[in-house]
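Residue numbers (UniProt numbering): 1 to 411.
Each hint should be verified, as a subset may be incorrect.
DSBU-like, lysine-lysine: derived pairs with alpha carbons at most 30 Å apart [claimed, not checked]: (1) K231 to K399; (2) K377 to K267; (3) K201 to K142; (4) K225 to K201; (5) K271 to K118; (6) K114 to K195; (7) K201 to K377; (8) K142 to K118; (9) K399 to K267; (10) K399 to K271; (11) K377 to K225; (12) K195 to K267; (13) K225 to K267; (14) K201 to K267; (15) K271 to K231; (16) K201 to K114; (17) K225 to K271; (18) K114 to K225; (19) K195 to K271; (20) K399 to K377.
Quick list of simulated restraints, FRET-style, between CB atoms [said to hold, decoys possible]: (21) P211 to D388: 23 to 29 Å; (22) N125 to Q217: 39 to 45 Å; (23) T222 to K142: 54 to 60 Å; (24) R171 to P376: 17 to 23 Å; (25) D199 to P141: 55 to 61 Å; (26) P211 to M156: 50 to 56 Å; (27) W133 to A221: 46 to 52 Å; (28) R191 to I148: 37 to 43 Å; (29) A145 to A117: 19 to 25 Å.
Quick caveat, the hints were computed from the structure, so don't treat them as lab data. Predicted, not measured: the structure shown is a model, and the values here were computed from it. Think of the CB as a built atom: it goes at the ideal place given N, C-alpha and C, for glycine as much as any other residue.
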Amino acid sequence: MQAAAVDNNASFGPNKIEEGGQRLRDNLSVLFAPLADTKGLGGKGSTLPATNTLFVVAPQDEFDLIAGEEVRLAEPLRTVLWEISCSEMAEQLTIFHHSQLSNVYPWEFLHHPKEAAKEMTDHFNRLVAYFVWSVLVEDTPKDRAEVIEDIISIAMAASAPPLNNFHLDVRERVEMALEALFVDDRQLVTRFLHKFWLDFKHNVWISGVGPALQSIQLCVATLHKEVMTYKMTELVQISGLDENSVDLHSIVYEKIVALTVQPIYLKIVSKAKRACAMEDAHAAARVLQCTPHGVADSSTAIPCTSSSPIELLNLVCQLVAVPLHHDSSPTAVVAATDHQLAAVELLATLQHQGRKTFLATHPVSSLYLMHQILDPKYLAPHRRQALDVFAAAVRWLRKDQKISSNELKGS
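Using the sequences and the accompanying hints, generate a full structural model.
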């Protein structure tokens, strides 16, 4: 059947193949038409199918009433495969499938587990219903058997290494696998994470910032160990990396940190800001002292727009890697062997490019969050290097604060 599909496509030119691909995308847009939800997740409203769904059928006596309207119906699978191959069908289905699943965030399974699970199940059921309908709509047993063979060929093409997640890079494939893992309530790691979130939210306001951050670090370490122990085979197959690859371990670790911290991040940021308020104020004043008047308003609170320490570290990496002037060389990353020089370049970059960022207004809090939650041995080398540079810059700011305090006491 695959050979037959290839032979059929060989007779079409590029324009014909592109036209077939566009018809497939139009067909899938009808199949995956959004459901009309009156309340959304967490609401009590009922989910109604959109008017242009797969099985919209009007009675004969109502045809005159809708004569002026265009009712779009999905085309059967056998009709679509006259113009495109099973491989292209598998590619397009992969894109639609991933886009639908990515609309449900992992933490929705904690707050509204039934609604989130139903949304994903409905998507899967509609896809299955399309394939079943494509078989039943055929007239003869022979045609139905051919459609079943086509479905098997599509499944084989989608699972083949060259086409499996063809449009994603290694990091995206691993992250998608971890997201799927942490929404599966049958997994021990998922239940462990959900229990940690509930316990943390109950105890966060009565515990100090240090114990709270240590509990997060311990949770991340436990999840990382469990995933790398029991899911290594799947991760190696998905990523194509060796099980001892530094890249694989760092990607898994960083994604676990993000998934663990995102629902509770604002709470820990609030606690860290209160604990480091005085040091942040002094350090921010030192960072922004060269900023032109009127550009930065120190009285305006800068919110934390990141959702995890990993995003904070990403911003640090960007600032370290960007030279202050176009003709400046080397960059802070190249010069990172000398942390003093790299720290000076980083502070200058913060003054000119990051004056409105959380890093510039709360440098001590930012460093404290990253140091207390992240384990440097699991970070990629360039991230670890950027974190060291930022730590050197903050140490310089805090050292200056200590000198100023001693001078005030002496006077």
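Each hint tested on the structure:
1. K231 to K399: 45 Å, violated
2. K377 to K267: 26 Å, holds
3. K201 to K142: The hint is violated at about 60 Å.
4. K225 to K201: Holds - the C-alpha atoms of K201 and K225 are around 24 Å apart, at most 30 Å.
5. K271 to K118: 36 Å, violated
6. K114 to K195: Distance ~17 Å between K114 and K195 Cα, so the pair holds.
7. K201 to K377: Given that 30 Å is the threshold and the Cα spacing comes to 28 Å, the pair holds.
8. K142 to K118: 36 Å, violated
9. K399 to K267: Holds, at roughly 28 Å.
10. K399 to K271: Since the Cα atoms of K399 and K271 sit roughly 23 Å apart, the hinted pair holds (cutoff 30 Å).
11. K377 to K225: Holds, at roughly 14 Å.
12. K195 to K267: 17 Å, holds
13. K225 to K267: Judged against 30 Å, a Cα distance of about 26 Å means the pair holds.
14. K201 to K267: Answer holds: K201 to K267 is near 9 Å, not above 30 Å.
15. K271 to K231: Given pair K271, K231 is violated - Cα atoms ~34 Å apart, limit 30 Å.
16. K201 to K114: 21 Å, holds
17. K225 to K271: Given pair K225, K271 holds - Cα atoms ~28 Å apart, limit 30 Å.
18. K114 to K225: 29 Å, holds
19. K195 to K271: Given that 30 Å is the threshold and the Cα spacing comes to 21 Å, the pair holds.
20. K399 to K377: Given pair K399, K377 holds - Cα atoms ~27 Å apart, limit 30 Å.
21. P211 to D388: 23 to 29 Å: 26 Å, holds
22. N125 to Q217: 39 to 45 Å: 40 Å, holds
23. T222 to K142: 54 to 60 Å: 56 Å, holds
24. R171 to P376: 17 to 23 Å: Distance hint for R171, P376 holds at roughly 19 Å.
25. D199 to P141: 55 to 61 Å: 58 Å, holds
26. P211 to M156: 50 to 56 Å: 52 Å, holds
27. W133 to A221: 46 to 52 Å: Once the Cβ atoms are compared, 48 Å apart, the range 46 to 52 Å for A221 and W133 holds.
28. R191 to I148: 37 to 43 Å: 38 Å, holds
29. A145 to A117: 19 to 25 Å: 34 Å, violated
This entry does not satisfy hints 1, 3, 5, 8, 15, 29, going by the numbered hints stated previously.
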